[in-house]
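Chains as they are written, first to last, in our numbering: chain W, 1484 to 1773; chain X, 20 to 343; chain U, 17 to 357.
Honestly, the hints are just simulated from the structure, not real lab data. These numbers were taken from a predicted model, which means no experiment stands behind them. C-beta: ideal position from N, C-alpha, C; glycine also. It is possible that part of the hints are untrue.
Stated by the list, open to error - Think about it this way: if two alpha-carbon atoms lie no more than 35 Å apart in a straight line, the pair counts; the simulated DSBU-like pairs of lysine-lysine are:
(1) W:K1662 <-> U:K39
(2) U:K223 <-> W:K1662
(3) U:K284 <-> X:K89
(4) W:K1662 <-> U:K113
(5) W:K1662 <-> U:K196
Claimed, not checked - Simulated restraints, written as ranges between beta carbons of each label pair:
(6) W:Y1543 <-> X:T35: 55 to 65 Å
(7) X:G292 <-> U:T62: 21 to 31 Å
(8) X:S87 <-> U:L287: 29 to 39 Å
(9) U:R33 <-> X:T35: 43 to 53 Å
(10) X:T202 <-> U:K196: 32 to 42 Å
(11) W:L1612 <-> U:I40: 12 to 22 Å
(12) X:S242 <-> U:P111: 55 to 65 Å
(13) W:R1764 <-> X:P308: 55 to 65 Å
(14) U:R58 <-> X:E49: 49 to 59 Å
(15) U:R33 <-> X:D168: 25 to 35 Å
(16) X:L76 <-> W:S1615: 56 to 66 Å
Said to hold, decoys possible - Partner residues aside, some chain W positions facing chain U, computed with beta carbon under 7 Å:
(17) P1487
(18) G1490
(19) D1663
(20) Y1664
(21) E1666
(22) S1670
(23) T1671
(24) P1672
(25) H1682
(26) P1685
Each chain, letter by letter, is given below.
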Amino acid sequence: MDHPLAGIWGEFRENRVAVAALAIVLVIALVALLAPLIAPQNPYDLAKLVLMDARRPPGYVGSGGYVHILGTDAQGRDLYSAILYGLRISIQIGVLAGMAALVVGAVLGTCAAYFGGRIEAFIMRIVDLQLSFPAILLALMLAALLGKGMAQLVAALVAAQYAYFARTAHGAASVERSKDYVEAALSTPLPAYVVVFRHILPNCLPPLIVVATVQIANSISLEATLSFLGLGLPPTEPSLGMLIANGFQYMLSGRYWISIYPGIALIVLIVAINLVGDQVRDQFNPRLKR
Amino acid sequence: MSALLEVADLTTHFMTRAGVVRAVEGVSFEVAAGEVVGLVGESGSGKSVTGLSILGLVDPPGRIVAGSIKLAGQELVGLDGESLRRLRGRRVAMVFQDPMSMLNPVLTIATQMRLAIEAHESVSKEAARTRSIEALAAVRIPDAAQRLDAYPHQFSGGMRQRVAIAIALLHRPALIVCDEPTTALDVSIQAQILTEMRGLVRDLGTALIWISHDLATVSSLASRILVMYAGRIIEEGPTAAVLRNPRHPYSRGLLESLPFRVEPGRDLQQIPGSTPSLLRLPDGCAFRPRCGQATELCHKMPLLERHERRAFRCHHPLPAEVGR
Amino acid sequence: MSALVEVREVSKLFAPRLSLGEKIAARLGSVIETRTVHALDRVSLTINPGEAVGLVGESGCGKSTLGRVIAGILSPTSGQVRIAGEPVMSGGRRPVKRTTRVQMVFQDPFASLDPRMRVGHTLAEGPIAHGLVSRTGAGAYVAEWLEAVGLDPDFANRFPHQFSGGQRQRIAIARALAMKPDVLVCDEPVASLDVSIQAQIINLFLKLRRELGLTMLFISHDLGVVRHVSDRIAIMYLGRIVEIGDARRTYANPLHPYTQALLDSVPKLVLADDEIVSFKAIHGELPSALSPPSGCHFHQRCPHAVDLCRSEVPQLREIEGGHRAACHLAPVVDHSSAHAR
């Protein structure tokens, strides 16, 4: 395959840390996707929960007859199952919000760069304004406004994050806009939307991919923060953030596992994604210099 | 009397992920004191890397793998960084195609020239300033005393190149390597720079290695010319003789493909194909796939044959001119 | 026979837009100096069908800008370009190119092809969009044009980075020609190529002109290359055409002092051991395009300048049989023999 992006995997392979991180991410993703099949218990099924099993330490054999390898939480949920389902939600939201923000931000940024003038000034001023707010603050306000639920959460995250993509896309598109192949396409003449979406945007992908990996990790951590604070998802769909929040009150009384294990799972996921993102970013840099 | 610069079997390779790039392979030549030698070739010929090797400026993944470079008897290959730094600027200097690769955009010319002087001698600030003004005046920069305090971006392209030449001349090095110094400049500015260089060479007795792909500019300065192809020297000799009577088919092909050789509107003589990739050189003579006279013999690399002042690397050289 | 390309009094000014801060400052009364570059100054030119006009000049002369205005990439600040009687650009605040009759070949073959698009797609995109060929017929159409420029039709599936500079330039030429233009504007098409490849591409241009009857505007700084491919030559200096005429005659007998000086400053190949290297540098520096000199733009560097040259802009006037020069003093010194090569 001689596509210009084909050499990426070869280079990526050389950094063992990044490959290990990528493996971890893929394993987590796989496991999380298969959660309904792997998990011994469905943590959403409120009927199955037995209060007798609540707050039990790791190794406890519960009323279901199986070992709770990571213990149980305050409602009697098997923590291992809850974490699997929680990871599932985290990854779903992270990828969904990240991709949606990518699309929205890339389109806005590229159009701003292409049209220039007042359109560009208008869009980029809004983007700049938004970038001066911490994403968490924005996400908080929006989540509080929109209420709980998956769709609302994703919307809040996209609104908080599209600006990063928009700015990167604007920068890359401005550079591509003045290149000869864009002028050649315009002078054919080809209509503006073809030039923007078939020529400029695809060539802006490398830096956007870099931002995307970082932002997916950010989405996951933002969602966890929101859930921790009680916003975002309803308590019937326990995400990792919520698990951590629920277990917080028990930290000092010795029942550390209710918060710590979800916390570790979250950290491992985010760090692994960031390591992959670092490698991707380093790889794209010398390429841009070329 | 031994030559100022003696290059023997210089071989510089680049160890890249895709393979070994044999940029310079077994290059040998000499430059006498005060002589102007032209190094001619197209992209991938190895002419630039030869110049960089002489200055010790080849960065990893490239390095000089074999050969020797002797400047006034002193061996340069294998010298440690500090010794090379002491030589660079003082005994040998370089002028690049883009003067901004040599000039720091955030420092004034005065500061840069003073730093260049102080790198090899300790002088007072006033003495450095006086010398800098003299150097700028020598390359005909008008209002040298005022322009000295300007920044590089305040000069035009041609002026910047003159500044680069002035800096190269600060310590009166015995040899200056110029790598395509006028290629990026307008024709009229190029003419000015060429005129300056001729005057400077004559007055200061500096030897020059002038690297270029443009035969006309090289011929206006150099008394001797070396033609490179795919990392090797394939022809050498006095400029006029080589241009009038090239012995190697590539040299002839280059000369004949110039527009003025043919009636306007008629097809130009062209060399078929393109220069080989230095990663995958053909076996034997590198020019073989493009040569109209190639035979079986050409699968073996021809040696550089020397006859009096001419040299060529070809199994089937073109005939020498008779008489003259 | 009417002209195919008519450039009428085209001027192009580049004025960087004021930032918001500067606009506010201007409103408040402080004087903001506007940095306007006068790239083209009332340039008029006609190109006849089947003719190749060469455009030479140094940096800042406006030849690239003029080429882009004719090709419809830039719209003129004032004046108009017509091809076969139709205006190239539409009117209005955001002018848009309205014709496919003129296409451009760019200087840098590494930048003029979309690196992420297969060559075949790049070639077929324009023709499909303008109905010159259907989607099903595109494959054969592209193969035809690749062959016409001397490339293997199988190359259509490859990406630009897999080709050499010379090959990419051929692809760029094929892309321009696939739109079946009447006029081809070539902006320094061989400047980025190796010398031995330049000859191949120049020969390709000559062949295509012969076979397709192309009308061409060939922009270059290389006087030798331009003379080889052009019927007529126009010399530009700081936004104006200073001389225009038949190629051979202009080189043999340049009328404008700038042309004379330009031809004199090109080094020639030294072929005799005792030959005196003859080139003469033009005195002085190119004036800035931000504040061009008054009157004749060249008067500060011209050895023959008089007071009139400082005060009055010389117009392009006919000196002899189609050979025109913008100089108050033409015809001046006779330089015929020096440039007969």
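Verification of the supplied hints:
{"no.": "1", "hint": "W:K1662 <-> U:K39", "result": "holds (29 Å)"}
{"no.": "2", "hint": "U:K223 <-> W:K1662", "result": "holds (29 Å)"}
{"no.": "3", "hint": "U:K284 <-> X:K89", "result": "holds (34 Å)"}
{"no.": "4", "hint": "W:K1662 <-> U:K113", "result": "holds (18 Å)"}
{"no.": "5", "hint": "W:K1662 <-> U:K196", "result": "holds (24 Å)"}
{"no.": "6", "hint": "W:Y1543 <-> X:T35: 55 to 65 Å", "result": "holds (59 Å)"}
{"no.": "7", "hint": "X:G292 <-> U:T62: 21 to 31 Å", "result": "violated (40 Å)"}
{"no.": "8", "hint": "X:S87 <-> U:L287: 29 to 39 Å", "result": "holds (35 Å)"}
{"no.": "9", "hint": "U:R33 <-> X:T35: 43 to 53 Å", "result": "holds (44 Å)"}
{"no.": "10", "hint": "X:T202 <-> U:K196: 32 to 42 Å", "result": "holds (36 Å)"}
{"no.": "11", "hint": "W:L1612 <-> U:I40: 12 to 22 Å", "result": "holds (18 Å)"}
{"no.": "12", "hint": "X:S242 <-> U:P111: 55 to 65 Å", "result": "holds (56 Å)"}
{"no.": "13", "hint": "W:R1764 <-> X:P308: 55 to 65 Å", "result": "violated (42 Å)"}
{"no.": "14", "hint": "U:R58 <-> X:E49: 49 to 59 Å", "result": "holds (58 Å)"}
{"no.": "15", "hint": "U:R33 <-> X:D168: 25 to 35 Å", "result": "holds (32 Å)"}
{"no.": "16", "hint": "X:L76 <-> W:S1615: 56 to 66 Å", "result": "violated (45 Å)"}
{"no.": "17", "hint": "P1487", "result": "holds (6 Å)"}
{"no.": "18", "hint": "G1490", "result": "violated (10 Å)"}
{"no.": "19", "hint": "D1663", "result": "holds (4 Å)"}
{"no.": "20", "hint": "Y1664", "result": "holds (5 Å)"}
{"no.": "21", "hint": "E1666", "result": "holds (5 Å)"}
{"no.": "22", "hint": "S1670", "result": "holds (5 Å)"}
{"no.": "23", "hint": "T1671", "result": "holds (4 Å)"}
{"no.": "24", "hint": "P1672", "result": "holds (4 Å)"}
{"no.": "25", "hint": "H1682", "result": "holds (5 Å)"}
{"no.": "26", "hint": "P1685", "result": "holds (5 Å)"}
Violated hints, in rising order: 7, 13, 16 and 18; the structure is consistent with all others.
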